[in-house]
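Asks: What follows is the residue order along each chain.
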Amino acid sequence: MKESSGSSGLRTYVLTRLALALPTVLILLTVVFLLMRVAPGDPITAALGARLPAKELEKRKEEAGYDKPIISQYGEYLGQVVTLDLGESVTDNRSVTSILAENGSATLELTVAAFMITLLVGVPLGLMAGRYRDGPWDVGGRLYGIIIYAFPVFFLGFLFQLLASQFGWPTSGRASPLVEYDLDSITNFYVIDTLLQGDWSAFWDVLQHLFLPAFVLGLTISGVLIRLIRVNLLQTMRGDYVEAARARGVSERRVVINHAFRNAMVPVVTVAGLQFAILLGGAVLTEETFNWPGIGSELVRYLNQRDYIAVQGIVTVFAVAVVIVSLLIDLVNAFIDPRVRYR
Amino acid sequence: MSAHEDDPILDVRDLRVWYGTGGDPVRAVDGVSFQIGRGETLGLVGESGCGKSTLGRGVLGLLPDAAAVTGSVRFDGRELVGAPAAEVRDLRGPELGLIFQEPMTRLDPLQTIEAHFREALNTHRPELGKEEVRRRSLEALAGMGIPRTRFGQYPHEFSGGMRQRIMIALALVLEPKVLVADEPTTALDVIVEAQILGILADLRRNFDTAILLVTHNLGIVAEACNRVAVMYAGEIVEEGDARELFAEPAHPYTRELLRATISLETTGLNYIPGAPPSLIDPPPACRFHPRCPSAMRVCADLHPIEVRAPAGQRVSCWLHGPEGQIPAGGREPLERREFAEAEEA
Ligand SMILES: Nc1ncnc2c1ncn2[C@@H]1O[C@H](COP(=O)(O)OP(=O)(O)OP(=O)(O)O)[C@@H](O)[C@H]1O
Ligand code: SF4
Ligand SMILES: [Mg+2]
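For the record, the sequence lines run as chains A and B.
Numbering of the first sequence is given in our numbering, commencing with residue 1 and proceeding in unit increments.
Numbering of the second sequence is given in our numbering, commencing with residue 1 and proceeding in unit increments.
The set of hints was computed from the structure by calculation and includes no laboratory data.
Here the structure is a predicted model, which is why all the values come from computation and not from measurement.
All C-beta atoms in this analysis are idealised placements derived from N, C-alpha and C, irrespective of residue type, glycine included.
Treat the hints with care, as some may be off.
Listed next, the stretches of chain B that the computed footprint assigns to chain A, with coverage defined by at least 3 CB atoms under 8 Å from CB atoms of chain A [said to hold, decoys possible]:
#	region
1	80-91
2	170-176
3	224-238
Covered by chain B, per the in silico footprint, the following chain A stretches (three or more residues, Cβ under 8 Å) [to be verified]:
#	region
4	215-228
5	261-275
6	328-341
Next up, chain B with everything else stripped away, as it sits in the complex (with noise of 0.2 Å):
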């Protein structure tokens, strides 16, 4: 079996993260379970809000105070969820790096590129002298293409591209076991979005380094996960070897994503019919089934139930059973009317 089953670097079962713990919380994470081992990377996709930023944060314990978290995060065998905060910070950096999804706002104006990495490397690496503070960070910067004449700038003297690469040189001289990268290259044009794919590429073979890659392009997961989730209104419904889940996915969710990828085949534009749903009040049993084309009557009454599917991948879809779990007469087509009034009476 693979790496990350036998002894993942991270381990995630069941998590829960519902924003706003008072009144009728966002449920952006709902029962979320999945593992990376050493050196693998996980590339994780869905709709814009389907809960993928949350994810990665909670991975992190980066939540607000008002988001309520439940499950379990391990980190090398660690308990995170309800582990000391300081414990957890420590462990930030080091250990745990995140790159965040929008790069313009993430360095502090006020101070100078040098202080941002003189701060992370005193914090965690203080017994690093001046000298070697100043190597490392210009050796991650060179890493990202800026050059080191442009250490003592300011945030505001760099474009939005070099500001995201920036900050992923700031995550990678702390030489994260575990990076969480939450679509590090929307903002960047693909010359300089493939340079960063190389990167992390290298950094999962030289470092064994776990990657959870949030992204939008399917085309990035084929070329540069090993494995894939794909989330769809904060459950994962699907998770797989990338290369066979897009050869035969198994969740119409996938297939319908996978139909609205452009690419030189495509012949018109397709699109996934329906909103995401709302995470205050999501649909009932299968959050998909208002919007599948597949959807079943058992769809809309019993949540489906986590199974292999013939490629291997997990799947949660009664199209693949199972099959002593569907009441009779579950298989029939859903009507829609049928729901839309029992949903009013």
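The following block holds chain A by itself, in its conformation from the complex (with noise of 0.2 Å):
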């Protein structure tokens, strides 16, 4: 019987969890690795074979290293991921790099606003939902998710726009282009940016074209969080232990606080967490309606122009971003719920 508490077991159960985070990786990167080369002939032709003759095809091959044995591709393959350096796309030149930097973090930025939105939204009516079951947050709250389950993304944002543009809200984009023109680069989150330059304005600017795409795809996502927390809470609201605090005298508010609201939290950190990695390649609806440079919207168009390459390089950040978002869940996870760590 283990006569130590909590915070050893944690620490051994991060250091574990960490160390299972890299074969994990070397998997997810040899299945992308294999993917791209399933297709038939080379990334090169295949993006640029009708518009570029014989030889040139031949210099590009052998400039990327296709003419080489699988092994040592794959080899040069997990090389670049290592030294952080994908490649460059075939067909307008872009290093991976930059397209990550550039789109995948306009993709960030919306993601971790609309989860904002999402939580804010959703944590609360799901927790008034299963409090008063069947009282008017239910039922509204029920309502809601119907709704906006029902109702598709574009649909939305359309509806959005047009009300927005009413009030000269901005629409689409990241800024206005004055702003962007302006803009140093720093970390590519434009709302950081501008707080770092400390351009109210620019900032002011940056959040209001944020705020639409954002509000929208997370208002999207709220409705399954309400739905989940809403049960997880009827549930624990039932449970034994919630009971068995009733039973000691234990006021009304402090047994929903204490016991049944954290209980009712644990199973929605995971699906939480998974939604967060689904939109951070998923979320190329929005972004097309809100003409949101994100990289959803990059990667359909590589690979609709068979841009291997490219392709190659963002799935493969998808892949570790995967990785790291589930190793970040089960690291909540086991801080928040002690059986966890002694799994």
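Please dock the two separately framed chains into a single complex, following the hints provided.
Replies: This is the structure we're talking about:
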């Protein structure tokens, strides 16, 4: 029987989990590499075959190393990942690193903002709906969940765009052209960059641009969150330990906050984290609707152009991002749920 | 007369708890009365599903919203049925304690044992300082054989038996005047069981705690209880001094229950034929009559009236009268086929 309590268990768990993340990344990278090689032919021909003379194609292929055996290509690929240099896109000669810096940061900024809105809307509504079952919050929350779920993102986006344009609120892009022109790219997160520059009007402009797409995206996922939290809370409110706390005369407010809410949030962390991971790669519809230069739209564009080098680079980063997010989910879970640490 | 009748700390009269307000309710507790005096232990026995836990919860006002409660529960002269929720809540813990039947899931998995104790004591004894809270908690745990080194641990680090002991310590640390113990030892081995019964006995002696001890084990009743109440299908059918009642059971159900108990003298296994009845649609008149070996005609027609049996206990059974209430021919043995046909007609 363990005599030690929480903290050393937590440390061991974190270290084990970190150690496990590395092989996971390696497996994912291998899968990405193999998938990219399954397509017949080579990336250069696929992207440029019809537009360049045969000799030029050969030269480009050699440069990119596609004449070498697959195992050394694999080695090179892993080397690229380690050095964070994922090559250049075939069609427009952008380095994958800069694609990620520019478009990736746009997506991350949008996702984080959307996620904050999801949590801000979803957590209180879900908790109120579960706490006061069949009350006005519950009925309203459920109705909201259904409606939000039924509306396609672009429709909702379009609706808000129409509404916003009535007030002269910006409805497209990351910033007004002039603001964007003046912006020093330090972190590539516009909100942070404008703050670092201390340019308040630019900051406000960027915030305005960010709000609408983040709001639409955030609302879209909040429906799922509300329902999840509501169901969990209904369950924990009937929990044995909740009844036991009541039997000790603990006030209903304390019972709900200390026991029912906290326990209801445990499974939510995992689902919310996965939602976040999905958003990182899948906010394409929102990005298109609001003309947001995110990585999802870029990925679709490169896919259509059969630019496999750009696609490989972007997908590689997605894979790593998913591993990092799931690592974070596990760490948060371990922090709030002692049972996880001993598994 | 004994303490429970002069000045009972807990006085329950005609308590009814029906689950499910719409449609056909489950009549889990149906007109139950009993008293417990200070320092007294009342054993509550009966088959699974007869309403024992419901009765225990009803005493603390801990029933789901869908349960309808009528009758009277008086604690130290104060009526609890229909009292404001906040008032009853303040009594739970320091006045009315409850030990639950199943210990595995009764502790919050996200919180340490220490946090559980802190919450309970801070709720009812806000004047106590941190050190005092800790001292009292550790003392209560030590009394249940849980070492102080484990104070900071989480519920999943303990076995079922240890969790039950923690739950008991958590109830006792508030020093309740009335303790409802719902099969507190079912999950434990015999040594720990004996230890816990010893602790309950100490409580009674030293703190004058009144205990309602729910159990399946008639041996425990004989050993640990002053009085015993036998429950069948939501009703108390017999209640009285434990020793006398076991020596001279008046109700056929009690007799069957005693016969079904395994002891060194038993030669074969006895069981009560038939199954416990539905509580949604219980048998009319005497609820035991479909299974009763002594059933008479009157038993299927009229609900028995509570009388005093020769040994002094309360009993609800026509075998003991009152003679004047039994219609002519009512003492004829009940013909079960006749009853079945009558039911169908
Ligand atoms: N919350 C509830 N809602 C509806 N019916 C319930 C509820 N709790 C208990 N019942 C029903 O009430 C009856 C009495 O249940 P109770 O738990 O009080 O029995 P018990 O005597 O404690 O049984 P056991 O010895 O198995 O613990 C049973 O028929 C049960 O199905
Ligand atoms: S009243 Fe009749 S049926 Fe009921 S227990 Fe007594 S004898 Fe049996
Ligand atoms: Mg029970």
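Asks: With a cut-off of 8 Å between beta carbons, are at least three residues of the region 215-228 of chain A near chain B?
Replies: violated (count 0)
Asks: Using C-beta distances, would you say chain A covers the region 224-238 of chain B, given that this needs three or more residues below 8 Å?
Replies: violated (count 0)
Asks: Using C-beta distances, would you say chain B covers the region 328-341 of chain A, given that this needs three or more residues below 8 Å?
Replies: holds (count 4)
Asks: Is the listed coverage of the region 80-91 of chain B by chain A valid when you require three or more residues with a beta carbon under 8 Å from a beta carbon of that chain?
Replies: It holds, with 3 qualifying residues against the three required.
Asks: When I compare C-beta atoms, does the region 261-275 of chain A have three or more residues closer than 8 Å to chain B?
Replies: holds (count 3)
Asks: How about the region 170-176 of chain B: do at least three of its residues have a C-beta closer than 8 Å to a C-beta of chain A?
Replies: holds (count 3)
Of the numbered hints given earlier, the model fails hints 3 and 4; all others are met.
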